[in-house]
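J.: Residue numbers (the working numbering), protein chains in the order written: chain A, 1 to 334; chain B, 1 to 61.
Hints are computed from structural coordinates only; laboratory data are not their basis. Each residue gets a CB set at the ideal place from its N, CA and C atoms; glycine is no exception. One or more hints might be untrue.
Claimed, not checked - Here are the computed distance ranges between Cβ atoms for each label pair:
| id | chain 1 | residue 1 | chain 2 | residue 2 | range |
| --- | --- | --- | --- | --- | --- |
| 1 | A | R53 | B | G25 | 25 to 33 Å |
| 2 | A | D158 | B | R26 | 40 to 48 Å |
| 3 | B | L27 | A | A190 | 25 to 33 Å |
| 4 | B | V36 | A | G215 | 18 to 26 Å |
| 5 | B | I43 | A | A50 | 45 to 53 Å |
| 6 | A | E167 | B | I43 | 18 to 26 Å |
| 7 | B | I43 | A | R53 | 23 to 31 Å |
| 8 | B | V36 | A | S172 | 23 to 31 Å |
| 9 | A | M174 | B | A16 | 35 to 43 Å |
To be verified - Now the stretches of chain B that chain A is said to cover, found in silico as 3 or more residues with beta-carbon under 8 Å:
| id | segment |
| --- | --- |
| 10 | 29 to 42 |
| 11 | 45 to 51 |
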Amino acid sequence: MRALAPLGLTMLVLVVLLSATDVAIGTWFPRFERFSDNFSAAYLEREVHALARESPQALFIGDSVLWGYKVRPSQSAVSLLRAGGLPARNLAFQGGSPVNLYALLRLMLSEGVHPSTVVFNVNQKEFSPADSAYRTVHPSLNALAGSLFTPGERGLLDQTGPQRSFEHALDSEMTAHWKLYALRSDLREAIFDQVDAVHAADDFVQTLSGAKARGDAAHRPTAAQFEGTYDLSPLDEQNVSLQFLLKSIRLLRHERIRSIAILTPTNHALLHDYIDAPEYRSNLARTRALLEQSGVQVIDLDRAFAPAEFLDNDHLTIAGNRHLAAVLRNVLAR
Amino acid sequence: MIEPVPGAVSVEEALADDPMYRAFGRLLARPLVLGVVLFLLVIAIIVFGPSTESRFIYTDF
């Protein structure tokens, strides 16, 4: 029994310090320029609640092209617009797609977010059933918006059944009651600029030894890597991405939110053998027509960028992001 | 009956000279300090722990 009193005091000190840390995190955890690579549901929830408290602004929703793949957060097109004084937030993330656009819109509207404008990109590759985000909602978004889907909508998506393991139950409880734990992936990325310390150390060593530069040079994207990325089958009502795109634009129209769709810049020089065909043009024209019929302003950037402005099939270089920001600045100023 | 081995010392006597054992003993005697140490340990595990919660679903190449 004599040992229990000191042990109790130790646990009390531990709990008090962890609670104080959680209060500090709840108050001061920063909002980032964009979502991290591996953002958590807790971070998304904080962002949505913050947006609900703020005055209406332009929200950019989309995939890694808008997110700013392989460029620093401050170098992405949306950050450049923000730096120029435009009230805007970058809500794009890697793994975005029409179903993710719809899920995020549903979540924001249900939480009382009313944007002045929604700018989203429509990427033809995401209409391919082979795309990893074709019928998959980002897990962190799904954790918050999954319950907002109708049974019919859920039926269109890849569903991971309910997890009933002890580990999952413990994880859920800790996530619900402990902010430091719930935000750990965002915290690690903010500190290390990598998913964790080990990856950061590895990246440091690789950069120092020159292995990273050699690896990047050896892995320049080739056209063959994108064989099968774009599905040129005629878009029809069975296409899951098209269904969720239509649901999204109906939702935006119903809420009377100004909507701008970017037809994603695409590297036709690289992809010539796979997409420069009447079927691709026909699908693009169909998408454009559907958007315009619903009152969405369309910016067709499919062929608007030079090959040197791409890192690969669609991701933009720093110069490409500057070009995109300039185009968007003109459109949003009107 | 086990005969005592000449020159043998008890476990307690042996550990008494071990610096790690003494440091740990001192820590156990100070619950406040132990609480802070455990707190720092938890923070370090969270911050420096490996990422096992990959939500990355995008596979471009």
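J.: Hint by hint, note whether the structure agrees.
T.: Against the structure, the hints come out as follows:
At roughly 52 Å, the beta carbons of A:R53 and B:G25 sit outside the given window of 25 to 33 Å. A C-beta distance of roughly 55 Å is found between A:D158 and B:R26, which places it outside the suggested range of 40 to 48 Å. Under the hint 25 to 33 Å, the C-beta atoms of B:L27 and A:A190, about 32 Å apart, fit the expected range. Range check, B:V36 to A:G215: Cβ separation about 43 Å, and the 18 to 26 Å hint is violated.
A hinted range of 45 to 53 Å is violated for the C-beta pair B:I43 and A:A50, which are about 25 Å apart. Range check, A:E167 to B:I43: about 22 Å between beta-carbon atoms, so the 18 to 26 Å window is met. Taking 23 to 31 Å as the suggested C-beta distance range, the pair B:I43 and A:R53 conforms, at roughly 29 Å. In this structure, B:V36 and A:S172 meet the distance hint of 23 to 31 Å, their C-beta atoms being roughly 29 Å apart.
Look at A:M174 against B:A16: about 40 Å separates their beta carbons, and that is inside 35 to 43 Å. Here the segment 29 to 42 of chain B counts 9 residues with a CB under 8 Å from a CB of chain A, which clears the bar of 3, and the coverage holds. By the rule of at least three residues with a Cβ nearer than 8 Å to a Cβ of chain A, the coverage given for the segment 45 to 51 of chain B holds, with 6 such residues.
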